[in-house]
Amino acid sequence: MVKVYIPLDMAAVAMGADRLAAAVAQEAAARGETVEIVRNGSRGMLWLEPLIEVETPAGRVGYGPAKVKDVASLFDAGFLTGGAHLLNIGIVDEHPWMKKQNRVTFVRCGVIDPLSVAEYEAHEGFKGLTRAFEIGPAAVVEEVTKSGLRGRGGAGFPTGIKWKTVADCPPGQKYVVVNADEGDSGTFADRMIMEGDPLSLIEGMLICGYAVGASKGYVYLRSEYPIVAKVFQAAIEKALEAGWLGKNIKGSGFDFDVELRIGAGAYVCGEETSLLESLEGKRGIVRAKPPLPAHVGLFGKPTVINNVLSMATIPMIMEKGAKHYADLGVGRSRGTMPLQIAGNVKYGGLFETDFGIPLGVVVNEIGGGSRSGRPVRAVQVGGPLGAYVPVSLFDLPIDYEAFAAKDSLIGHGGLVVFDDTVDMSWMARFGMEFCAIESCGKCTPCRLGSTRGVETIDKIRNGMDVDANIALLKDLCHTMKFGSLCALGGFAPYPVESALRHFPEDFRKPALEAAE
Amino acid sequence: MSGAAQYSDERAREIIAAHMGLEGPAMPILHALQKEFGYVPDAAVKEMAEALNISRAEMHGVVTFYHDFHRAPHGRHTLKICRAESCQSMGAERQARAFLDKLKLDWGGTTPDGALSVEPVYCLGLCAHSPSALYDGEPIGRVDAEMLDEIAAEARD
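For the record, the sequence lines run as chains A and B. Counting in numbering that gives the first Met the number 0, the first sequence runs without a single skipped number right up to 515 at its last residue. Counting in numbering that gives the first Met the number 0, the second sequence runs without a single skipped number right up to 156 at its last residue.
In short, the hints are calculated from the structure, not lab data. Careful: at least some of the hints might be erroneous.
As the list claims (entries may be wrong) - Heads up, simulated SDA-like pairs for lysine to any residue below, C-alpha to C-alpha not over 20 Å straight-line:
1) A/K229 - B/A31
2) A/K229 - B/Y134
3) A/K300 - B/G20
4) B/K34 - A/Q232
5) A/K345 - A/G372
6) A/K229 - B/E35
7) B/K34 - A/G280
8) B/K45 - A/E279
9) A/K281 - B/E22
10) A/K441 - A/R282
11) A/K441 - B/A56
12) A/K281 - B/L21
13) B/K34 - A/A228
14) A/K441 - B/T63
15) A/K145 - A/K322
16) A/K281 - B/Y38
17) A/K300 - B/L21
18) A/K281 - B/T63
19) A/K281 - B/P27
20) A/K458 - A/L471
21) A/K281 - B/I53
22) A/K229 - B/G136
23) B/K34 - A/G264
24) A/K281 - B/D41
25) A/K229 - B/D67
26) A/K300 - B/G23
27) A/K281 - B/N52
28) A/K281 - B/D67
29) A/K246 - B/E22
As the list claims (entries may be wrong) - Here chain B is said to cover these stretches of chain A; the calculated rule only asks that three of the stretch's residues, wherever they fall, bring their Cβ under 8 Å from a Cβ of chain B:
30) 220 to 228
31) 280 to 287
Even for Gly, the Cβ is constructed at its ideal location relative to N, Cα and C.
If we strip away everything but chain A, and leave its shape as in the complex, we get (with noise of 0.2 Å):
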């Protein structure tokens, strides 16, 4: 029986992957051949989706971007036995893109069988748990703090001060809450954890509610990701079964449920305060803090809100030591991030690295430069929030201090790639238009801020009074940046201040057009 892999990753399925599973499927039956189709996550070589890989005794063999028409090609070129074909890639693990990573976070994602609990154990999973379990509550926070890990949701606060901060809240009902509303624009690391590796995130959370003494687990999804629910409540299911969840998980006297919870179209739950009122029920509505999460957080009780990948990457600071991982990385940036190079590339994907790479060699060595061939102009950088980067900038490490000091971001580590056709004042436009269509309302700098500054970029852009109104739009972005109750105003200037600042030509045409 050969095995093979087609991943049943979104961006695998929306180039036509489970087409593609059906149709190897139904060769396979009509040829008299055995095969098991394993439905993996992806490797993270999205320009390659689909890509089939095939079990051999040399390794895995790739064949990728496959389509259903060729399907019969690679049967007659003998692609279960890695026979050579014009989509053969050769070994993954061997392909550049992979061997110039270090995956981490990502080590299981596209390897194993995602709802395979004995493939998850055989890849170390679980282990991390474990480890917990021996060492105790306290010096699973310690371990995490002397980690250096840093959320990876965009704020980069410290992870371990948090697990302290509920841990020392006096025993009781506390809650473990995973943020998984992953609405940035290149962003896409949370959803293919989530469908390549979704017992990482379960570990994740079940270490982080025995070290701060939780019994429950919340993960909100956003609804834009119909796949990832239907994988991760299999994966819920399937560590249930295996008694990874539920009472007395493996004789260890703790009990831990986690519950998926789906949202429903507001990027504002994206922000913890928000997303803790819509998993109560009400308007995702941000809260003004203090009081903290960690202490009055869901239901009122003390919790703990990380991002998927912060959590998804504490099974393996526990299975290998905090020094381990915090040896990675540069000055107060430890570990790895895991890049989404998105947008007008040649090679898009995701790509777990070291902190300390520069931006330009993410864009142009492992991205490939622009898909369109165009020369890149710009490239925003931690989601709709985030700034636009030049190309001058392109030697900017990937470093959250390297980053601010150049009135940037790193955010969720979203790259998108824009090529010199760009109009940066339409997309200054586009970040304040945005910010108004997703503002909760709550609080004026964001409510009014935004639309006003779709306004005035307009006057801008028709060259009206363009020197007063720049001046204005700065004036209103610094309101809004220091105004605002919570990142959706408060970072929305971002884009608008790099815009401007980069690329003040954009804001000095003559009449532009229309805007598309």
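Following the hints, position chain B against chain A.
Then chain B, alone, in the frame of chain A:
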């Protein structure tokens, strides 16, 4: 979406009751109601308010906050087209505008025959295959004008 059930208070109450054991059940109930009826009818909002012991105004506030919940019957098929930055970097905005113009629709509109609703979506996480779309829950990468036309034609069949 096609196949939605006719609204009845009794069915709505059943759906609500089935979720009352959850902590913070409102969102799961709203999703279940919309799945059953294709939208969240006013009468169901009233039932929810009673069951959750909150005012109807408060319940109305919740339903209207979220982009996903519809207050009226929707098209039989839904096409969500991504408008976010990554898709814009590959010309999505111009492409979507041309498609909407052809259908004489604006964002959020439904064709007069009730076949297709076209909604904006701000990122589907398919950013390495921009522009992208979601048709009745099926993800589509590297969308072009021809594919959009095919979807519009299929929706009307």
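Results of checking the hints against the structure:
| no. | hint | verdict |
| --- | --- | --- |
| 1 | A/K229 - B/A31 | holds, 15 Å |
| 2 | A/K229 - B/Y134 | holds, 17 Å |
| 3 | A/K300 - B/G20 | holds, 19 Å |
| 4 | B/K34 - A/Q232 | holds, 18 Å |
| 5 | A/K345 - A/G372 | holds, 8 Å |
| 6 | A/K229 - B/E35 | holds, 18 Å |
| 7 | B/K34 - A/G280 | holds, 18 Å |
| 8 | B/K45 - A/E279 | holds, 19 Å |
| 9 | A/K281 - B/E22 | holds, 12 Å |
| 10 | A/K441 - A/R282 | holds, 11 Å |
| 11 | A/K441 - B/A56 | holds, 17 Å |
| 12 | A/K281 - B/L21 | holds, 14 Å |
| 13 | B/K34 - A/A228 | holds, 15 Å |
| 14 | A/K441 - B/T63 | holds, 15 Å |
| 15 | A/K145 - A/K322 | holds, 7 Å |
| 16 | A/K281 - B/Y38 | holds, 19 Å |
| 17 | A/K300 - B/L21 | holds, 16 Å |
| 18 | A/K281 - B/T63 | holds, 11 Å |
| 19 | A/K281 - B/P27 | holds, 12 Å |
| 20 | A/K458 - A/L471 | holds, 11 Å |
| 21 | A/K281 - B/I53 | holds, 11 Å |
| 22 | A/K229 - B/G136 | holds, 12 Å |
| 23 | B/K34 - A/G264 | holds, 15 Å |
| 24 | A/K281 - B/D41 | holds, 17 Å |
| 25 | A/K229 - B/D67 | holds, 19 Å |
| 26 | A/K300 - B/G23 | holds, 14 Å |
| 27 | A/K281 - B/N52 | holds, 13 Å |
| 28 | A/K281 - B/D67 | holds, 15 Å |
| 29 | A/K246 - B/E22 | holds, 19 Å |
| 30 | 220 to 228 | holds (count 5) |
| 31 | 280 to 287 | holds (count 5) |
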